[in-house]
Amino acid sequence: MSNEVNYGTIIKNGIFGENPVFRLALSLCPAVAVTSGVKNGFLMGVAVFFVMIMVNATVSLLRNFINPKVRIPSYMFIIATWVTVTDLVMAAYARDVYKQMGLYIMLIVAFAIVLSRAEMFASKNKLFPSIVDGAAMGLGFLLALVLLGVFREFLGKGSLWGMQILPGKPVLIMIMPAGGFFAMGLMMGWLNWIG
Amino acid sequence: MKEMIKMTLGLVAIFIAAGLIMGVTYKYTSPVRFIAEKKEKEEALKAMAPDATDPIKPAGNWSSSHGKPYEYYLATSNGKPVAYISSTAGKGYSSFIAMLVSLDTDLKIKDVKILHHGETPGLGDQVEDNSFIGQFKGKVLSQIVLLKTETKENIQAISGATISSRAVTNGVKDAVQTLVDKYGAGIKTAAQEVAK
Chain A
1 MSNEVNYGTI IKNGIFGENP VFRLALSLCP AVAVTSGVKN GFLMGVAVFF VMIMVNATVS
61 LLRNFINPKV RIPSYMFIIA TWVTVTDLVM AAYARDVYKQ MGLYIMLIVA FAIVLSRAEM
121 FASKNKLFPS IVDGAAMGLG FLLALVLLGV FREFLGKGSL WGMQILPGKP VLIMIMPAGG
181 FFAMGLMMGW LNWIG
Chain B
1001 MKEMIKMTLG LVAIFIAAGL IMGVTYKYTS PVRFIAEKKE KEEALKAMAP DATDPIKPAG
1061 NWSSSHGKPY EYYLATSNGK PVAYISSTAG KGYSSFIAML VSLDTDLKIK DVKILHHGET
1121 PGLGDQVEDN SFIGQFKGKV LSQIVLLKTE TKENIQAISG ATISSRAVTN GVKDAVQTLV
1181 DKYGAGIKTA AQEVAK
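If you're matching them up, the sequences are chains A and B in order.
So in the numbering used here, spot 162 of the first sequence is number 162, and the numbers just go up one at a time.
So in the numbering used here, spot 137 of the second sequence is number 1137, and the numbers just go up one at a time.
Careful, some of the hints might be misleading.
[To be verified] So the derived list for chain B, only partly shown, Cβ under 10 Å to chain A, looks like this: (1) Lys1006; (2) Met1007; (3) Ala1017; (4) Met1022; (5) Thr1025; (6) Tyr1026; (7) Ser1030; (8) Val1032; (9) Lys1057; (10) Ala1059; (11) Trp1062; (12) His1116.
Derived by calculation from the structure, the hints in this document are not laboratory data.
Don't be surprised by glycine CBs; every beta carbon is placed ideally from N, CA and C.
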C-alpha cells in the first residue's frame, strides 16, 4: 500500500464504486430482511455506520499487534465488542430507537461487510484513512438500505416512513422476502445500466 | 513454539481488553436502562387506566395456558376500583407478543396495548395498528373470537398476518378470562346487593 491516500476515492468507492450492497453484494441478508420499510432500513444503516467506523479504527490501531494467523477471531471479537457496546448504550440512552431496532443490532456481528472492510482495508491502512473508509462504506450501506426501503415500502405498502401515500397496497409481494430480492435485482441492474 | 505463545497471548490480551470495555459499559448503562424500563412500565400501566387517581397496585399473579407467569393490577380512584389490568402475551409467528389489557368495572375491555414483539416487519407488526388492536375496545369475553371474515361483533384477522392476529386474540382472551375469574364474582355480589 502506498502512503498516498486519496480520501475522495475512498469516499466515492464506498458509496458508488464499491457500494456494499449493489456492487460488492455483501450483507444481502440484512439488506433484504430490514428494508420492508424506509424507517427500518435507515435505522439499521445508522447502526452499521457507527459500528463500521469503530471497528475500522480499532483494527487499524491494532494492525501491527494482531498476528495474521489469528486475525479472523481477533476481528470477530472486536466487532462483537463494539456491537455489544452500541446495544447497551442505545438500550440505556436511546430507548425509542432501541425499541424499533433492538432486534436488529445484535445481527450486525455477523455482517460480512464489517468483517470484509476490517480485512481488506483497515488491517493495511493507517488510522485516519480507515475511519474514512468505514464511514464511506457505512454511508454506502445506509444509502442502499434507504433506497431499497423507499422502493419496497412505496410499492408494497403504498407508504413512506409509515405515512400512507397511495390508497391500499399496490404490489404486496414487494414487502415479502421474495420482493426484497426482486427490488435488489432491479436496483443492481439499473445501477449497472446507468454506470 | 515461541510464536504460538506470542499468538495466544496476543489473542488473550484482545479478549481481556474487549471484556473490560463491555463490562465497564454495562456497569454504567445498566442502572440507566433499569430505571428507564421501570418508568416505561409504570407509564404503560398508567395509560391503561387514565382515570385512576391512586397509584396502580399489583394484585396477584396468574399463569397462562403456555405456562408463563403474568401479573394483574387493580387501578383505583379514591379507593374505588375503576379498572382491572393484566399483563399477558400470545405466541405469534416469531415471538411472544407481550401486552397489557385493561377492563372497566363492567368487565368490558377498556384498552389493549402491545408492549413489545418480534413479528415480521410489514406483516405481523400490523397487529399494532389501531385498525386491528382498536377492535378489542368495548368487547366482552364472549366476543373475543377471531374471524377471517368481516365482522363488527367479533375480531377480524389481518390478511397475511393470521398467526400474529391469533396470538394477540388468544393473549387478550387469557387475560380477560383471568380478570373475569378474579373480579367477576365481586361484581356479581355487588350487583346482588344492589338488587336487594
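Hints and how they fare:
no.: 1; hint: Lys1006; result: 7 Å, holds
no.: 2; hint: Met1007; result: 5 Å, holds
no.: 3; hint: Ala1017; result: 8 Å, holds
no.: 4; hint: Met1022; result: 5 Å, holds
no.: 5; hint: Thr1025; result: 5 Å, holds
no.: 6; hint: Tyr1026; result: 6 Å, holds
no.: 7; hint: Ser1030; result: 7 Å, holds
no.: 8; hint: Val1032; result: 4 Å, holds
no.: 9; hint: Lys1057; result: 25 Å, violated
no.: 10; hint: Ala1059; result: 27 Å, violated
no.: 11; hint: Trp1062; result: 26 Å, violated
no.: 12; hint: His1116; result: 7 Å, holds
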